[in-house]
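Visitor: Read off the chains here:
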Amino acid sequence: MAETAASPTPAKTPADKDLAVRTSPAGVLRDAFAAGSLAGTVEISELPFLTMVGIRAAAGSDAAQRIAAVTGGLPARSGDVAGNGDTSVLWLGPAEFLVVAPTEAHESLGGSLIQSLRDALGSDAGQVVDLSANRTTFELTGPQARSVLEKGCSLDLHPRVFKAGTAYSTEIGNIPALLWKTGEESFRVFPRASFAEFLGRWLLDGMREYASPEVP
Amino acid sequence: MLLIPCPNCGPRDETEFHYGGQAHVAYPENPNELSDTEWSRYLFYRSNTKGTFAERWVHSTGCRQWFNMLRDTVSYDIQAIYPMGAPRPDRAGTTGAESGTASLAADSTTTGTAAPSTSGTSLSSTTAAPEGATK
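In order, the protein sequence lines correspond to chains X and L. With my numbering applied, the first sequence corresponds to residues 10 to 225, in that order. With my numbering applied, the second sequence corresponds to residues 635 to 769, in that order.
Because the hints were derived from the structure by calculation, they are not lab data. A few of these clues could be false.
Far from chain X, some chain L residues (derived; all Cβ distances over 12 Å) [to be verified]:
{"no.": "1", "residue": "Leu637"}
{"no.": "2", "residue": "Gln656"}
{"no.": "3", "residue": "Thr671"}
{"no.": "4", "residue": "Trp673"}
{"no.": "5", "residue": "Ser674"}
{"no.": "6", "residue": "Tyr676"}
{"no.": "7", "residue": "Arg698"}
{"no.": "8", "residue": "Thr707"}
{"no.": "9", "residue": "Ile712"}
{"no.": "10", "residue": "Ala720"}
{"no.": "11", "residue": "Pro721"}
{"no.": "12", "residue": "Arg725"}
Taking beta-carbon pairs under 8 Å as the criterion, some of the chain X residues facing chain L (in silico) [claimed, not checked]:
{"no.": "13", "residue": "Val90"}
{"no.": "14", "residue": "Gly102"}
{"no.": "15", "residue": "Gln124"}
{"no.": "16", "residue": "Ser163"}
{"no.": "17", "residue": "Thr179"}
{"no.": "18", "residue": "Glu180"}
{"no.": "19", "residue": "Pro185"}
Under 7 Å between C-beta atoms, here's a sample of chain L residues computed to sit facing chain X [as the list claims (entries may be wrong)]:
{"no.": "20", "residue": "Asn642"}
{"no.": "21", "residue": "Cys643"}
{"no.": "22", "residue": "Asp647"}
{"no.": "23", "residue": "Gly696"}
Think of the CB as a built atom: it goes at the ideal place given N, C-alpha and C, for glycine as much as any other residue.
Here chain X stands alone, though its shape is the one from the complex (with noise of 0.2 Å):
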C-alpha cells in the first residue's frame, strides 16, 4: 500500500516479519491526521495494531477469576476500566470484556498475553477471541477534543460525569464505538475497522473549526 514506506511501527520485533506491509483500517488518513491535527488545541492520531482480546465470561465464575488473575481484574460494571500496567480490560457488557494491550503482546510478535488468557479460561464456558483486527484505535487529545467528540456522542462528557479512566460504548457520529478517556484531556475511540476511515474523516470535520480564529 502507500504508506508502506514511512510505517510508524518501529523495528523492535522479530526480523523475520516484514511488518511495514500491515495495513491499517485508517492509515490512508495518517496524513490528513497529521494536517488536521492542531498543537495545543485537540490533536487527532491512530495507535494502529493495538493488540486486543475479546473475553466472555460469566462474572464471578472461577474462569472469570482466573481470567481477571492475568489482565488484574475485571470491570465490574458500566464505565469501569481494570487491568494493570500496560493492559486494560474495558467492560462491554455484564459478561464481556475487551482486553486493550500493546502491538507487542500480540502472539504474532511473540507476546504471551492472549495465550495465558486462552490457558485462564481452559475448558470453561465462555470465549477468548483475539480481536486486533476487528477494531483501530483513534487518540484524540488537547482541551478540545471533548468539544470535538460532544458534536456526536449524546453521552454527558463533562468532567464531573465522565472521569478519566472510564469507558463507554456508545456512538460517535452515528457510529458504535467504543469511548475510552484515558486522562484529563485525552480519549481514545475505537471504532470497527470498516468505520475507521468514515469516523476518522467525521473527527477531522470536528476539529476544522478550531484552526480558524475564534468569533467573537
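Please build the complex by placing chain L on the supplied structure of chain X, with the hints as guidance.
Guide: Leaving out everything else, chain L in the frame of chain X:
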C-alpha cells in the same frame, strides 16, 4: 427521541437500542399440533395497545443485553424496566385469565385497543387488556 434507562448502562439515547416487539409472547407448547391459523397467530399477530404496553428492547450499541419495558404508547412514558423472563410488574396478582397469542379466541389480538386506559399513567386500570401469556 426516547431516553431509555438501560438496566446495565443507565440512560442512553434511543438510537443505541433496537426494538424487539411485544414482550411475553410465549412459544407454543406443542408447535407441531397447531393449525396453520394458530401458528400464524403466534408468528404474526401482536397487540396494538393504546396505553401501557410491554415490549422488548436490546441495548445493541451498549451492553448488548435484552430487557423488558413497560411503555405508554400514547405518552411514550417509560413506566418500568424489568428483566427478561420476569412477569409484568403491573400484572402481579392477576393469573389465569390470559391466553397465549396462538389462541384462536376472536379477541386475542384485537381487544387491546377496545378498552384503552384514558388515564395513561395508572397501571392498575389496564390489567384487563389481553397481552398474551405471561411466562
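Visitor: None of the hints should be skipped; say for each whether it holds.
Guide: Here is what the structure says about each hint:
no.: 1; hint: Leu637; result: violated, 9 Å
no.: 2; hint: Gln656; result: holds, 24 Å
no.: 3; hint: Thr671; result: holds, 40 Å
no.: 4; hint: Trp673; result: holds, 34 Å
no.: 5; hint: Ser674; result: holds, 35 Å
no.: 6; hint: Tyr676; result: holds, 30 Å
no.: 7; hint: Arg698; result: violated, 5 Å
no.: 8; hint: Thr707; result: holds, 24 Å
no.: 9; hint: Ile712; result: holds, 17 Å
no.: 10; hint: Ala720; result: holds, 16 Å
no.: 11; hint: Pro721; result: holds, 22 Å
no.: 12; hint: Arg725; result: holds, 26 Å
no.: 13; hint: Val90; result: violated, 15 Å
no.: 14; hint: Gly102; result: holds, 4 Å
no.: 15; hint: Gln124; result: violated, 27 Å
no.: 16; hint: Ser163; result: holds, 4 Å
no.: 17; hint: Thr179; result: holds, 6 Å
no.: 18; hint: Glu180; result: holds, 6 Å
no.: 19; hint: Pro185; result: holds, 4 Å
no.: 20; hint: Asn642; result: holds, 6 Å
no.: 21; hint: Cys643; result: holds, 4 Å
no.: 22; hint: Asp647; result: holds, 4 Å
no.: 23; hint: Gly696; result: holds, 5 Å
Violation of the numbered hints given earlier is confined to hints 1, 7, 13 and 15; the remaining hints are satisfied by the structure.
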